[in-house]
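**Student:** The hints should help you fit chain B onto chain A, whose structure is shown.
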Amino acid sequence: MPVQLQAKLIKKEQLKPDIFKFSLSAKKIVDIAKPGQFIEIRVTDGLDPFLRRPISIYNMDKENGTLEIIFRVQGKGTELLSRKKEEDLVDIIGPLGYGTFKYEGYNNIAVLGGGIGVFPLYELAKNAIKNATVNTYLGFRNKEAVLLEKEFESVSNKLVITTDDGSYKIHGFAINELKKDIESGKIDVIFACGPLPLLKAVQTLAKEKNIPCQISLEEKMGCGLGVCLGCAVEVVTGGYEHVCKQGPVFDSNKVII
Amino acid sequence: MNTEVNFAGIKMKNPVTVASGTYGYGREYSQFFDLSKLGGIITKGTSLKPRDGNKPSRVYETPSGMLNSIGLQNPGVEYFLQYDLPWLKQQDTAIIVNACGSTIEDYVEVCKILNNSDIDGVELNLSCPNVKAGCLAFGTTYEGVKEVTSKVRKVLDKPLIVKLTPNVTDITIPAKAAEDAGADGVSLINTLLGMSININTRRPYLANNTGGLSGPAIRPVAVRMVYQVSQAINIPILGMGGIVNGNDAIEFMLAGASAVSIGAGNFIDPYTSVNTVKGIEEYMEKYNIEKIEDIVGKVEMN
Chain A
1 MPVQLQAKLI
11 KKEQLKPDIF
21 KFSLSAKKIV
31 DIAKPGQFIE
41 IRVTDGLDPF
51 LRRPISIYNM
61 DKENGTLEII
71 FRVQGKGTEL
81 LSRKKEEDLV
91 DIIGPLGYGT
101 FKYEGYNNIA
111 VLGGGIGVFP
121 LYELAKNAIK
131 NATVNTYLGF
141 RNKEAVLLEK
151 EFESVSNKLV
161 ITTDDGSYKI
171 HGFAINELKK
181 DIESGKIDVI
191 FACGPLPLLK
201 AVQTLAKEKN
211 IPCQISLEEK
221 MGCGLGVCLG
231 CAVEVVTGGY
241 EHVCKQGPVF
251 DSNKVII
Chain B
1 MNTEVNFAGI
11 KMKNPVTVAS
21 GTYGYGREYS
31 QFFDLSKLGG
41 IITKGTSLKP
51 RDGNKPSRVY
61 ETPSGMLNSI
71 GLQNPGVEYF
81 LQYDLPWLKQ
91 QDTAIIVNAC
101 GSTIEDYVEV
111 CKILNNSDID
121 GVELNLSCPN
131 VKAGCLAFGT
141 TYEGVKEVTS
151 KVRKVLDKPL
161 IVKLTPNVTD
171 ITIPAKAAED
181 AGADGVSLIN
191 TLLGMSININ
201 TRRPYLANNT
211 GGLSGPAIRP
221 VAVRMVYQVS
231 QAINIPILGM
241 GGIVNGNDAI
251 EFMLAGASAV
261 SIGAGNFIDP
271 YTSVNTVKGI
281 EEYMEKYNIE
291 KIEDIVGKVE
301 MN
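Which chain is which? The protein sequence lines are A and B, in order.
Just so we're aligned, residue 1 is where the first sequence starts under the numbering used here, counting upward by one.
Just so we're aligned, residue 1 is where the second sequence starts under the numbering used here, counting upward by one.
Read the hints as simulated data drawn from the structure, not as lab findings.
You may find that some hints are simply not true.
[To be verified] Heads up, simulated PhoX-like pairs for lysine-lysine below, C-alpha to C-alpha not over 20 Å straight-line:
#, chain 1, residue 1, chain 2, residue 2
1, A, Lys179, A, Lys245
2, A, Lys62, A, Lys85
3, A, Lys21, A, Lys76
4, A, Lys130, A, Lys8
5, B, Lys55, A, Lys254
6, B, Lys37, A, Lys200
7, B, Lys37, B, Lys89
8, A, Lys200, A, Lys179
9, B, Lys55, A, Lys245
With the rest of the complex left out, here is chain A:
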């Protein structure tokens, strides 16, 4: 059950010129949140920007009741959010989304992320590696865009980093590296988040190889609670489901993206 609270910003880090990491004290949310879920942040006490910003949970410390988010400054809302200072209170609602990463029962897990889509995969990998082998494949545009390499290394049995231009580690797309490991029979399930072309490619790959695949989706959101029906995703059975309600994580065979 989601709650609204004023979370203290305990620690603020700037990972890149436009990418920030916040550590927020939010015990009531952390106590019940699962990998894949997100929070909604009100970035101003005023009325513009009007809507909350949905941001995925990157990491949780269940003992201390803190959660971490990482976000890129993309517009006015995230820009205002990035101006918050340590000790400030941040108005958040969470945890949101009933569709979480379902990793229990799998032994050989593949985690596939692209660009800023890698953030919600960390908490997943961190939990999954307790009982499974986790192979992580992260793709970035170039060397400057590479993020969280050490962090993902610590929650993966194998970490593959690719860059589109070959300026760092493997030249090419992360999904091609994943494909090789699928073909050698090392993967039971795929969890993915990233830009739409990556999600489409992994959806096709999973179908071809007949491997279960769960993808985390984004769509412009109104309420974040399953009420306004704004963040619609077309499903193969006809009609729509919603990122904030049945998602953000969907079975890749279920959705039309």
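**Tutor:** Just chain B now, kept in the frame of chain A:
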């Protein structure tokens, strides 16, 4: 202090309701507080058969507001009666069902079914700007509103509220039609038709190109229209359009609304509706107002 209102024959413990399409059927917000604190809940637009709604993107944020083009996605009236109404009935708040349709026959059928249910009233949606058939096709003319409302009136004994569109030259004309056709009240305003364009792709942000604008950006338009309608008809008004606190609600009531609805304001804070109730009480205390009904229409024009 008495915050009770009798709106169009519906008894409510306070004048604050939540607007159709911004509250689903209530369950999600009940996770935050007891819905009995609200005067009433107006459900998501509900049609005879389930509707899938429009293609995404369906929402887009605008200055102090938002555009939406949901397209009346809903599970249909039978589903509502079976799964949502029994739960809603336990919440101790007035239940008003927003009824929509593509044809006059649809509206009549939905209302026939609702007439035999345990709801408190119907809000007839003649104003959704995001569907191809129905709604605006009837809602923008005197004849259209009168015809649908009259036909529904014949099958509906429960309080009947007609929700009006602001996308007309003179909103008092459809308001008068609703009154002439026997409606017990009107609600206004539905969203204002708008459009936002992505200058990089040169395409509108919404898949449906246009959508309905709501939020505080439209409040002055809504207040003006509530005032105009209050001068033109004798049935009560449910006022809405960008209300986010008690002061906003009072503004609508002074303009002539007997009750109010919180719409997009629910999205920025799940507690906006209950905080609005508190804000109204604070205003009453400050100005020594015994009965909230006493301030309705008490604006003094310059």
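**Student:** None of the hints should be skipped; say for each whether it holds.
**Tutor:** Going through the hints against the structure:
no., hint, in the structure
1, Lys179/A x Lys245/A, "violated, 31 Å"
2, Lys62/A x Lys85/A, "violated, 23 Å"
3, Lys21/A x Lys76/A, "holds, 17 Å"
4, Lys130/A x Lys8/A, "violated, 30 Å"
5, Lys55/B x Lys254/A, "holds, 17 Å"
6, Lys37/B x Lys200/A, "violated, 46 Å"
7, Lys37/B x Lys89/B, "holds, 14 Å"
8, Lys200/A x Lys179/A, "holds, 14 Å"
9, Lys55/B x Lys245/A, "holds, 17 Å"
In the structure shown, a violation is registered for the earlier hints numbered 1, 2, 4 and 6, in ascending order.
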